[in-house]
Each structure stands twice: as C-alpha cells, then as structure tokens.
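**Student:** Each chain is listed here by its residues.
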Amino acid sequence: MDKVKITIDGIEMEVPKTYTILDAAREANVDIPTLCHLKDINEIGACRMCIVEVEGARGFVTSCVMPVSDGMVVRTNTPAIRDARKTTLELLLSNHNRSCLTCVRSGNCELQALARKLNVEGIEFEGEKTKTSIDDLSPSIVRDNSKCILCKRCVAVCKKVQEVSAINTMNRGFKSEIGSACNKSLNDVPCSLCGQCIEACPTGALREKDATQKVWEALNNPELYVIVQTAPAVRAAIGEEFGMPIGTLATNEMVAGLKRLGFNKVFDTNTGADLTIMEEGTELIERINNNGVFPMITSCSPGWVRYAESNYPDLLDHLSSAKSPHQMFGAILKSYYAEKENIDPKKMFVVSVMPCVAKKSESEREEMEVDGVRDVDAVLTTREAARMMKEAGVDLSKIEGAPFDNPMGDASGAGAIFGTTGGVMEAALRTVKEILTGEPLDKIDFEEVRGEKGIKEATIKIGDKDIKVAIAHGLGNAKRIMDMIRDGNAPYHFVEIMACPGGCVMGGGQPICDAKTRATVDVRKLRAEALYKLDKELPIRKSHENPVIKKLYEEYLEKPGSHKAHKLLHTSYHPRHYFENE
Amino acid sequence: MKSIEELSEIRQRTLEEIKLRKDRNYTGKEKHVLVCGGTGCTSSHSMEIIKRLEEKIKEKNIQNVRVVRTGCFGLCARGPIIVVRPEDTFYAMAKVEDVDEIVEKHLVGGEIVERLLCKDIDGTAVKSLDDLNFYKKQHRVVLKNCGLIDPENIDEYIAFDGYKALEKVLTSMTPEEVIKEVSDSGLRGRGGAGFPTGRKWEFAKNSVADQKYVACNADEGDPGAFMDRSVLEGDPHSIVEAMAIAAYAIGATKGYVYVRAEYPIAVKRLQIAIDQAQEYGLLGKNIMGKGFEFDLEIRLGAGAFVCGEETALMESVEGKRGEPRPRPPFPAVKGLFGKPTLLNNVETYANITQIILNGASWFASIGTEKSKGTKVFALGGNINNVGLVEVPMGITLREIVYDIGGGIPNGRKFKAAQTGGPSGGCIPEEHLDTPIDYESLIAIGSMMGSGGLIIMDDSTCMVNLARFFLDFTVDESCGKCPPCRIGTKRMLEILEKMVAGKGQVGDVEKLEKLALNIKRSSLCGLGQTAPNPVLSTIRYFREEYDAHIKEKRCPSGECKAMTKVMIDKEKCKGCSACSRKCPVNAIQGELKQPFEIDQDKCIKCGVCIATCPFKAISRV
Ligand SMILES: Cc1cc2nc3c(=O)[nH]c(=O)nc-3n(C[C@H](O)[C@H](O)[C@H](O)COP(=O)(O)O)c2cc1C
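Listed in order, the protein sequences are those of chains A and B.
Under the numbering used here, the first sequence has 76 at position 76, and the numbering climbs by one with no breaks.
Under the numbering used here, the second sequence has 760 at position 178, and the numbering climbs by one with no breaks.
Incorrect hints may have been included.
[What the hints assert, rightly or not] Think about it this way: if two alpha-carbon atoms lie no more than 20 Å apart in a straight line, the pair counts; the simulated SDA-like pairs of lysine to any residue are:
hint: 1; chain 1: B; residue 1: Lys1092; chain 2: A; residue 2: Arg58
hint: 2; chain 1: B; residue 1: Lys1092; chain 2: A; residue 2: Val120
hint: 3; chain 1: B; residue 1: Lys746; chain 2: B; residue 2: Lys611
hint: 4; chain 1: B; residue 1: Lys1101; chain 2: A; residue 2: Val54
hint: 5; chain 1: B; residue 1: Lys902; chain 2: A; residue 2: Ala181
hint: 6; chain 1: A; residue 1: Lys175; chain 2: B; residue 2: Lys916
hint: 7; chain 1: B; residue 1: Lys762; chain 2: B; residue 2: Arg909
hint: 8; chain 1: A; residue 1: Lys17; chain 2: A; residue 2: Val4
hint: 9; chain 1: B; residue 1: Lys1101; chain 2: A; residue 2: Lys159
hint: 10; chain 1: B; residue 1: Lys902; chain 2: A; residue 2: Val155
hint: 11; chain 1: A; residue 1: Lys131; chain 2: B; residue 2: Lys1146
hint: 12; chain 1: A; residue 1: Lys86; chain 2: B; residue 2: Ala775
hint: 13; chain 1: B; residue 1: Lys1084; chain 2: A; residue 2: Glu126
hint: 14; chain 1: B; residue 1: Lys921; chain 2: A; residue 2: Asn289
hint: 15; chain 1: B; residue 1: Lys952; chain 2: B; residue 2: Lys1084
hint: 16; chain 1: A; residue 1: Lys39; chain 2: B; residue 2: Glu1075
hint: 17; chain 1: B; residue 1: Lys916; chain 2: A; residue 2: Ile41
hint: 18; chain 1: A; residue 1: Lys3; chain 2: A; residue 2: Arg82
hint: 19; chain 1: A; residue 1: Lys129; chain 2: B; residue 2: Thr1016
hint: 20; chain 1: B; residue 1: Lys1092; chain 2: B; residue 2: Glu1075
hint: 21; chain 1: B; residue 1: Lys902; chain 2: A; residue 2: Glu121
hint: 22; chain 1: A; residue 1: Lys86; chain 2: B; residue 2: Gln1110
hint: 23; chain 1: B; residue 1: Lys902; chain 2: A; residue 2: Thr78
hint: 24; chain 1: A; residue 1: Lys39; chain 2: B; residue 2: Lys1084
hint: 25; chain 1: B; residue 1: Lys633; chain 2: B; residue 2: Ala674
hint: 26; chain 1: B; residue 1: Lys952; chain 2: B; residue 2: Pro1195
hint: 27; chain 1: B; residue 1: Lys1163; chain 2: B; residue 2: Lys1183
hint: 28; chain 1: B; residue 1: Lys1101; chain 2: A; residue 2: Arg58
hint: 29; chain 1: B; residue 1: Lys1092; chain 2: A; residue 2: Lys17
hint: 30; chain 1: B; residue 1: Lys1095; chain 2: A; residue 2: Glu124
hint: 31; chain 1: A; residue 1: Lys159; chain 2: B; residue 2: Arg903
hint: 32; chain 1: B; residue 1: Lys916; chain 2: A; residue 2: Thr18
hint: 33; chain 1: B; residue 1: Lys1155; chain 2: B; residue 2: Lys1142
hint: 34; chain 1: A; residue 1: Lys129; chain 2: B; residue 2: Leu602
hint: 35; chain 1: A; residue 1: Lys175; chain 2: B; residue 2: Phe1054
[Said to hold, decoys possible] Listing some non-contacts, in silico: residues in chain B with all C-beta distances to chain A over 10 Å:
hint: 36; residue: Met629
hint: 37; residue: Asp737
hint: 38; residue: Lys836
hint: 39; residue: Gln860
hint: 40; residue: Glu905
No wet-lab data here; the hints were simulated from the structure.
Please read all numbers here as calculations on a predicted model, not as lab measurements.
Using N, Cα and C, we set each Cβ at its ideal position, and we do this for glycine too.
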C-alpha cells in the first residue's frame, strides 16, 4: 500500500495514504476529540471538535475527513485549537439540558466525557434553548431532543447501515431537531425499532423505553411468581457494564446477579431457541417436502419482522410462522411449566432480558398471547438488567457465579449461537440435515455461514438435495435479499435475517460502545467469539438432542408442528401502513 | 439542427431588423418601443403597458413600430421604463394611462412627451438615456443585452453576436486554449469568493471521470441582490452559451442551473432559452455539427441562503436537504452525484462569451491589476437611484454613491455602505474613496460579495444593522455545525439585548470572542462569514455600541426601546386626546390636569405625539 510521511504534534510517522488525519492520530495515540464521527458511517465533519492546524492550510482543518498527504505537518494541540474546541463545546452545552445527574447515560456519555476532558468549567454564553420535543410513544425507543447535539450519528446509521431512513433533521438552524416525516412518532413511521440509533447516540437523547420500574414492582409483589429468561447474546456483553473486557462471557455471573434481584427462577432463552429450531426446522422440512413458499425466512428478529411488515407486505408468507425464542419460551413457561409446577399462569410474571429494544414492542403484539395469557410480561435490555443489578448493589465482576435453574435451564450449543449472525442458520442446519438424512452429522460446525460478510450464501448438500441458504444481517442487506425475492431472483430455500448488523450480539439493547471503541475494536467479533466458544464447550450442540426439548415434546407438545405446538408457538404477520393514501 | 451557415444567415437577417436599437445614426422609418420586462417593472404593470401599446398601435394602424419586451435597464427606481429607439427617448414611471399619449404624440406625431421624460436628480429632464448621469460611469459587459433584446427570442440574441463565441470555440479552439483565454483574462468568480475562474476550469478539466458536470449558481440569496436574476431575465442565452463553452473546456456533457423558485420570470425565460437552443441544435448531441454534446436542465431551489454555498447547492440539486459537505473532496473532484463538477455564478458565466470573442487582453484592460473586468451591483437602501449598475473594477464607492447613485435622498448624510450582504461588512465615509476591487474591500473589513450594495444614511443605527444581519443568518443557518447553529444565535441574543437597552459592559468583547470562534470553526462559508457585519460595525462604529451599553442611548434614534415618550407638564392642557388614542391605554390623567404616560405599558408607537394639539409630547 502507498504510504506517506506525516508529522503529528512532533511525532513523525508513516501511514497509508488512504488514512485521514484522525486515523493517523489514533495510530500515534494522539487523542483528537470527536462527537459526530462514526467511522465509515458518519463522516460529515459537522461537530467541529476534531479541528486541527495543518502547516500551510488556510484556517483549521477537519481531521476526520481530511486525507493525509506526504510531508503534512499537523498540530492538534495549539492554544487556538484548544480555545476553539472549548468554545464550540460550551456552545453545545449552552443548548443542552445538562441533567447529567439524572441521565441514564451519565458515565457513558461522550458529551459529558468531553466536557471533562476539555476542562470546561463554566458556560460563558448562556441563552435560549431550542424548543424540543420528546417522543416516547413507541414501546421501544425514547427520543429526548433536549439532550440531542445534532451529531446525526443516528440519522446516518438509520440511513446508511439500516437503509431505513426513518429519521432526519427537521427544521433549520437553531430550530433544528431530529425527527420523522410529518413530525410523527417513531411508532407511527416505518421505523423497525431496531435501536441501532441508540447504540450510535453519544448522549442520552436516545434510550430504551424503561421497563425496570415495572419489573421491580413485579418482584416486590408477593402474589407473583416472577421468572426471568436471558437471551444468548446478553451473557456475551453484560460484563462490559461492569468493566469486564469486551468479549467476556459472563453467563454464571449474570445468572447469580439476577437471582440476587429476587427472581423466583432464572431460565435460559437458549432453550427457547432450541424449541424454535424444532418448530422452524420442521416448517422448513415441510416446505421442502411439499414444495412450499421459498425461500423461507427466519422470524426471530422482531426489528426485521416489523421491517418486513412495513416494506414487504406482499412477501410475508415467506416468514416462518414460528414465534421468536423468548416468546415461545414464555408461552411454554405459562402452560407446560405452570401445569407441572402447579402455578397459576395468571400469577406468573415472565421477564425477558434481551439484547434488543424491538423485543419490547414484539412482546406487546396482540398475537403474543394464548387464551388471554400474555407470553411475556416485560422485556429488559441488557443495559436495563445491568442497571437493576447496580441499583441492587450487585457487581458482576465480583460475584460468585451460579447455574441456570432447572428443569428448563440446560440448552444446547445451537441455542447459544442464535445470538450472532449465521447462528440461527447453523443451528437449523444441524437439526434439519440430521433429521432429513437420518444420519448423524460428520461435522457439526458450518463455517460457511459464519463471519461478518453482510450477505453470506452457501449450498448445503442434504442427502441428494442441494439446499441453498443465505444469511443477511443489517436491514440494508435484508433489503437486497427481499428485492431479489420480489424480482424472482432469489435461488434460496432458507434465509436467515437479523435486523442488527452482526446479529443480536450487536443488538440495540446491548451495552453502548463509544465511537472510538467502535472504530478501533471489532466488538462484533469479540462478542460472537464468546458465543462460539460456549457452543464448542457444551456437551450437547444440536437442538433436537436437548433432553429438555425431547421431554417437552414427549410430555406435552407431542411433536413439532402439532396442533398444540401451533397454538402456543406460532404466530402471524400483518402489513403495516403509516401514511394516508399509501 | 442549424448549421453554422444557417445561424449566420439568421444573424444577418435579424440584425437588419433590430440594429436600429444600437445605431444612433439610423435614419430609417422604423421605431422600436422597448419596455422593461424585468421583475421590478413587471410588478409596476409594465406588461399592461405593453398590452395597451400594442392595442393602441393596432387601433391607430401605425406601421413601422414594434413593441419589444426587454430585460432590465437598471434604473429600477424610475420604473416602469419605456425607451423609444432609435431616438433613445427615455420615459420613466409611466402608467398604463400614459400610453395613449405616448402613442398619439410621440409615435404618431413625432413629438416627445416632455412630462414623462426621466428626470435626473437635479430635476432636469433628459431626452436620451445616454444623457443620464446614472449611466455615464457605467460599463456594460455583463448587461450588454439587457434592455436591448427580447430575451425570449433567440434570433435577437444571435443577431448581436450570440452563439458566435461557441462557434469560435468549437471550430477553432482546443479546450486548453479556451481555459488559457479565460485564465489570461483574469476573470474571478462573481459569486462572492473571487476565485480565479480559469484555475477552477483547469481543476475540473484535470479530473478524470466517465461523467462531469457544469453547474450555474443562480441561487442569489444575498438579501436585496438581483444581479443574477436580471441577467437571466434579460439575457438568458448568454448563460446557456457560456455553460456550453465551459462544458467543452472541461469535458462535461450535462449542466444544471440552480435557480430559486422565487424567480418565476427568470426561470420561465431561461427555460424558453433552453428550449430554443435545443430546437436550434445549440444544446443536445452534435452541436453545430461539431460532434460536441451538451444539455442543460433547471433545478429549482426553495430559497435557502445556504443553498448558494457550493456543496449545499449540490446536495440540493441531488434532492437532499441543503447542507454543506465537508471539503475536501472539492467539487472539481467530487461534485454533483459524486462526479467532477464545475460551478460558477451567473455573472461569472455572463462574461465568458465576451472574453472569447474580444480576447483576454481586451477583458484584462478593464479594471485593476488584480480585479479585472466589471462588477454588477444591486444598489439599494438610502440612495436616490435604486437599481442595477455595472461598473469597471477600481471605481470608487464615492463615484457609485454620488455620480451613479445620485446621492442620498431627503437631505440626509451618507453613513455607511454594506457590501457582501450578511457575509460582508460596512464601509464608513472615511473609506468612500477606496477602489472597488477584491483586495481593497477585504483590507477594509468588507468584501466584494456577490453584488448587493446597500447604502445607509445617518438615521441608521449600526448596532441594529448588525442585529438585522445576524437575525438573517440565524434564520438561514442550516444547523449542521454548532458554531454557526448556536454561536450566531448567542451573538444575536447579545445584540438584541443591546438594542433593547439592556447591554452590559463586556458584551462587545463577548461578541468579539464568539465572532472569532464562529469564523474559525464553522464548517462552511455561511458561518465563517456570519460575524462580519458585527465585527465591521464594531471596528468603525464602536462608539455607537458604547452609547447603547453605557448610556442606554441610540445615537441615531433608531432603537425605539431606548427612547422614552414623555409629556411636557408645562405644555399639557389635560385635553385627554392622547389618552383616547393610545392603543395600549398607557396614558392616564384627570381632565384639565397634566396627563402622564405609564412607561411600563408604553410601546413607543408615537400615536400620542401625532395626536397632541399642543405639541406637548415628544421622544427623549
Ligand atoms: C452562505 C453562502 C451563500 C452563497 N450564495 C451564493 C449565491 O447565492 N450565488 C453564488 O453565485 N454564489 C454563492 N456563494 C458562493 C458559492 O459557494 C461559490 O463560491 C460560487 O457559486 C462559485 O462561483 P464563482 O467562482 O463563479 O463565483 C455562496 C457562498 C456561501 C458560503
């Protein structure tokens, strides 16, 4: 690669000529502050924090977008630069609500951190604040624009990564505000509620709709039997909230922490995932045997489901009718388990800890109940679960681990990898191939469906059949697959789609990494590796071999796809329309 | 498609018909009545005048007289304007009711209607346009066809050497030669920044890509400016032709003209010009049979000031929210739709055909060493001859104000001139003799700008002027970067405090600190220049700021909040007339006793002052 020589604050270095000044500075461990920059996603030079001086240049230079050139001499720390950054930051703060003490992002806010780093000790230019609004109408996402600094990272993620474009800047100048068309709530526009905007937000302007109070109340209610289940991806990230390195698998610590909160039982949603594989796999086998609608598409990502209902209402019959793992699990807990343990399902309160904010909205869907009993009563994100633990004085970095409760606790490795892109596909293939061929797999790992590529394709030989599969993560990639299907060009039998890029490990409910971490650490890979490691270490790695699942079918559901299974474990979808005259 | 021979034939034939408009020695029988069809005169009913003229001429069965709707003559203050050629009689402020007299007396009787003749500032009626002081120091290059041809008739444009520059370029010049000619001419961008046009063309030419674009900036967001509008209304083909030449020079095949939708007449005439050029094969494939392809499209803007900034303009043309992009990449490398793009201002383009036809050295002979050619200004504010003027670079502001502009009306004194609009600065009396060129204006804290030139008399408060421009930029800031979005708002708040009589010691220093950081830190030219009106008024009129802050006094009397309306107890007879007229019930008293004004309620509207029969009420 072509390299150029540059000097940053006296440090001479050689860097690829494709670098920006900011890239080079980071390599030299020279810390240039940024607010709006999100590598490869939002490079708009808007926040003016990363300005530097370059010898020979007229005026300050925007380091996040300025390419390096040979012989360039950069100064990042001159009195004029420090003064300018500080003034700009003070201006931002003068129009910010500054309720740090009570803000959910306090301690994890890039604006707050920068104010400390730049030693802002007062705000010289106070004045009127922009009249802003709060959108808390969706079950998933709350936007409070009084905390928004208009960095547009959320807008860029929504537009360039997810290709949903549900939000943009409204109005102009001092009246600017991020919002949706016609000033509608996110709930009333084709927003998928994936929550990637929350992950991108440097401040507390975007957050999940809080469910912690509701869960505390349930825990405090002696009438209720409160069960919590945790999704696969949560254990691969929750440790970060307690200072553990990214990629730490904190399963037992998490279970112990939840027990300390007072839940009657802590179960593993991975078991629900195994159940999903049984139902979804059976549906696929049926479609293969009966020439059904192809490709069949997974339905466990609620952001994806809402996206499909909004944008591809004509293709909803491609979606598997299987509910997502935590909904299935909730339905089983309030039927099979309740009967077994002799608990009144109406007095059972099921909480799901999810890496996801769309799950909040999913759990509120009309379809998600059986005979008037809701499958799931509250959904907490990974972040909220960690907040509850902190409030209760629990520190996962210093806790003695504990195993999941039985009888529903032991899950297979297939269930574990649900949390990363390609995982659902791999889990399904392990089961479907073995059932269709009637022979044990010679190789359990399907490496071809793993990895970070946006759209992965593979052809799997099952008996004498070539089964073509595809995996898409991120809604932009989902869109490309769906357009292929609509155009009749999709040769696949089975497609896995996850709304979030990277799958659930990178879900909108996961711990938030700042922009610099996102730019310099492969968070997705580290979290995913934790789940693959877990899978490798488990004695049972195929859903259909999970004894809990076997017993469940024997004792209760009869067989996958049975009448009873359908009643409890399957659902339906409906087209969504948002604007009149659509 | 018309061949070069056919175009030449059209040129000859049409020139025969219309040359009397230029030829003062013409002795034939034809007369052309030219009526201004620019936006200003149109709004004072020039279209009705044309209609009535045509009716009346038909009714009287007058032969050899033609009515022509033209572009702007420049002296907008005296519109609607009617000029009869060849004798060059200049009728000003004509009404529809005057038409019959003009037809009967002048066109039939051959006698000039004295009472409608345009009067110079000193009151003397002038017979001919050339006699007006307003025109004497002007030099028309950009506006040469404005007020002379029918802008909706391509043949008239062709008659006065139209499309000859394009012909010359396509038949005898390489792109390199075209760029060299433009470079040698010394032409600099007229959109504000004054970047050397030839250099810009060269950058765009040197970019390698499968597709390139040329674009024309007709956003003209500077409040009070209407140079570009007038060119598009009066001579749209000059832009079409120049853009084709630019496209040939840089290797582009497609062009866009970005015009604000508030310019309906300009948009309409430009579209007509494009249609006609396409019909004649002057746009499209294989232009003039020379294998050169170029086509042009209009894109309408919604009138945001920031959309005049080059990268925001490109976002807008692409259909996105008009916000500037960071540079680099520069438009010459990555412009419209990610392709190399050349963007020039309307007036910049309007010079091109003349440079090609008359040569670089001819152009370079006009103006000063570093600022060549002419500049069009929209002269407005407290000046007698409000209108459009084109002057050679290097002329002094004094000449523009007094010789061309006819001085300050109402016996008032000149106080300052604002160039560069909201991005520019004020020029006080002490600098009236500064030559108008790019460098000199920068040196005195102002800038050339795009051509808005606002004259202010001594009734203008300079603090309030700064507030006015800041109010504009706060409104027009796109909001993308915090220094501009929040910083200008904070400056405005300080200025609003000052004009309300609530300024504090230290506020000027605060303004200066904010200004410095907004200028240095903002993403685009809007923010980088927004503080200029404040800085330049502080520089030249610091004592007015101090009077507002320290004495709570507005020296010009313009800031109403700082005046009090008071009743002189000696003079008041207690008649209650004022109290009955006061719209906010601020005046109370007992009959036959002196009344009093409640200062908390008073809105200083002055109705009481006008009402009082004893002149007992005044502002203090
Ligand atoms: C806020 C702002 C507004 C501008 N508005 C205009 C405009 O209305 N017309 C224009 O020609 N240039 C405008 N410009 C300048 C353009 O960015 C650009 O420099 C110009 O169109 C280039 O053409 P020129 O080289 O022929 O002058 C504006 C610049 C800024 C920063």
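**Student:** Quick check: which numbered hints come out false for this structure?
**Tutor:** When the structure is compared with the hints, numbers 1, 3, 6, 7, 9, 11, 12, 14, 15, 16, 18, 19, 21, 23, 24, 26, 29, 33, 34 and 40 turn out to be violated.
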